[in-house]
Structures are given as structure tokens and as C-alpha cells.
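> Produce the entire structure from the sequences given, and follow the hints as far as they go.
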Amino acid sequence: MGLIAGYFGGKIDDLIMNITNLMLSIPSLILALAIMAVLGPGLINIFIALGFTLWTYTCRVTRAQTLAIKEKEFISAARALGASNKRIIFKHILPNIIGPVLVIATFGVASAILIESSLSFLGIGAQPPTPSWGTMLSNGKDYIWTAPWIMIYPGIAIVLTILGLNLMGDGIRDYLDPHKKG
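Just so you know, the UniProt record's numbering puts 18 at position 18 of the sequence shown, and the rest follows in order with no gaps.
Treat the hints loosely; a few may be bogus.
Using 25 Å as the maximum straight-line C-alpha spacing, the simulated PhoX-like pairs for lysine-lysine come out as follows [to be verified]:
1) Lys72 with Lys11
2) Lys70 with Lys11
3) Lys72 with Lys91
4) Lys86 with Lys72
5) Lys11 with Lys86
6) Lys86 with Lys70
7) Lys70 with Lys91
Ranges of calculated distance between the beta carbons of each label pair, as one might list FRET restraints [as the list claims (entries may be wrong)]:
8) Pro129 with Gly155: 17 to 27 Å
9) Arg79 with Leu160: 29 to 39 Å
10) Phe8 with Trp55: 36 to 46 Å
11) Ala83 with Asn139: 15 to 25 Å
12) Gly82 with Asn21: 34 to 44 Å
13) Pro129 with Leu29: 36 to 46 Å
14) Ile26 with Thr130: 18 to 28 Å
15) Pro148 with Gly42: 25 to 35 Å
16) Ser84 with Leu122: 43 to 53 Å
17) Ser84 with Tyr153: 48 to 58 Å
18) Ala34 with Lys11: 58 to 68 Å
19) Leu39 with Leu176: 28 to 38 Å
20) Asn21 with Trp145: 40 to 50 Å
Honestly, the hints are just simulated from the structure, not real lab data. Here a beta-carbon is modelled for each residue, glycine too, at the ideal position from N, C-alpha and C.
Right, dumping it as C-alpha cells:
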């Protein structure tokens, strides 16, 4: 959606970005919690809630990158040669914005894991027998004094996974940043 908003501009851009700004004004976890309260618990409903809440960050980054790339000379040259909008978007703009989109996607996956774990901990996420770190934490809270490892290991898994994804996103950003290359 960010690619479409950035490329075509005008009323389409205004509409998409106003919806995006509206969605960004509500915290993702609270919005996901409200969606799950309406849809009920379950893995498919978590995917719907996560998709509905986490697309906004990618949309904004994609739009910003598209606005920067579409003003370049090679886009004007492609237009002058008669390239269609579809060709310009998929052959010229998309390959040039994929780096920042990959970086924001890794942060989005980390956010999705954290939100899913939170919802499952509260009992409105994945339901047994579907494995979930949040459900494991919730089941282990009754045994925190007698068997603390029931909570410690899923908690460590969540922390290490989110840390790993954030470090991977930073690494991708550093690798793709042309200003950091010698």
C-alpha cells in the first residue's frame, strides 16, 4: 500500500496515509487485544489481528522510500521510454526499496512474536494443544516457586528470539547502508 501511495500520490496517497496514521495512533497491542476480544481466541484470529495492526510501519517506510526513488533520473528515463506504471513499480522502484523494507520486516516479526506471546499469556491467543511461548508462560505461573524453569525457558526463548531479530535487522541495515561502505 505504501508503494501505491508513494508512486501515485494525490488522493490515493492522502487516503492510504490517513488510514495509516489513524491506525498508528492506536497502540498495536491494545488494537490486537480489541480485535481478539471480538474474534475470539485462536491461531487464525491472531494472524488476522497481527496483520491488521502491524502493516502500518512497513507502509510508511515503503511510501517514504518510493517518494525518494520516484524522483530519480532513471525513473524519468523509464517514463520517457514509454514504460508502464506496472513496469516502473516492479522493475525499477521495488528493487531499490527492498533493503529498508527487509529491515522493517525483521522488526515487524519481532513485534508480532511479542504481541502473540502477550495475547497467548492472557489466554486469548493460541489455544492448547497449539504450542505458544505465551501459553507456556501462562501455564508456568502457577509453578513459579516449585518449578521455575517452566517459565524461565519460554521467557528466555522470547527474549533471545526478539533480540536476534532486532540484531539481524540492524545487521541488514548496516550491510545495505551505502554510507557505511568503505
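> Hint by hint, which ones does the structure fall short of?
Structure breaks hints 9, 10, 11, 13 and 18.
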